[in-house]
Amino acid sequence: MLLVCSVTVLADKPSSFRGAKRVAAKVYSENQVTFYCGCEYIAMVKPGKTSKRLTPIWESCGYSPRKQVNRASRVGWEHVMPAHHFGQHLECWREGGRKACSRDPVFKEMESDVFNLVPAVGEINGDRSNYKFGLIEGEPYHT
1 MLLVCSVTVL
11 ADKPSSFRGA
21 KRVAAKVYSE
31 NQVTFYCGCE
41 YIAMVKPGKT
51 SKRLTPIWES
61 CGYSPRKQVN
71 RASRVGWEHV
81 MPAHHFGQHL
91 ECWREGGRKA
101 CSRDPVFKEM
111 ESDVFNLVPA
121 VGEINGDRSN
131 YKFGLIEGEP
141 YHT
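Using the numbering used here, read the sequence shown as starting at 1 and increasing by one per residue.
These aren't lab readings, by the way, just hints derived from the structure by calculation. Source: prediction; values computed, not measured. Please note that the accuracy of each hint is not assured.
Subject to a maximum C-alpha distance of 27 Å in a straight line, what follows is the list of computed DSS-like cross-link-like pairs (lysine-lysine) [to be verified]:
hint, residue 1, residue 2
1, Lys-67, Lys-52
2, Lys-99, Lys-132
3, Lys-52, Lys-26
4, Lys-21, Lys-132
5, Lys-67, Lys-46
6, Lys-13, Lys-52
7, Lys-99, Lys-13
8, Lys-21, Lys-99
9, Lys-21, Lys-52
10, Lys-13, Lys-67
11, Lys-132, Lys-49
12, Lys-108, Lys-21
13, Lys-49, Lys-26
14, Lys-108, Lys-26
15, Lys-132, Lys-46
16, Lys-52, Lys-99
17, Lys-46, Lys-26
18, Lys-108, Lys-132
19, Lys-26, Lys-13
20, Lys-46, Lys-21
21, Lys-67, Lys-108
22, Lys-52, Lys-108
Ranges of calculated distance between the beta carbons of each label pair, as one might list FRET restraints [to be verified]:
hint, residue 1, residue 2, range
23, Asp-12, Gly-62, 38 to 44 Å
24, Ile-42, Arg-103, 21 to 27 Å
25, His-85, Glu-139, 39 to 45 Å
26, Arg-66, Arg-94, 31 to 37 Å
27, Ser-102, Ser-129, 16 to 22 Å
Built from N, CA and C at the ideal position, the CB exists for glycine as well.
Given the sequences, and given the hints that come with them, work out the whole structure.
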């Protein structure tokens, strides 16, 4: 029996969070749906700019901004395992948080792990903060 499969491999893994976000945007380009809400999103270029802004289509998922309309109007890259969780164990984090770790090679490698990034509506990303995943009592559980 012969099993043949196609695997896309990153030639060089990103060395920065910014680079990781660019790679993640390419990975998700064929399935532009946010992680938590299931909102579809599109990449838009603002007039006078060259970079693309990922914009959620709220109607696609029934999302309605609560407080932060500007933040809810963009899709950002969320760490599935929060940066706080892996950073807090490093000396640089204890000395000054994420900003203090910006030059730490161990932190940068963890922060730029593309496999830990998912697209999320900005307002929801802010709500998640650095909380861990878990079951919420009283919420329906689906497998």
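Ascending list of hint numbers which this structure does not respect: 10, 11, 15, 21, 24 and 25
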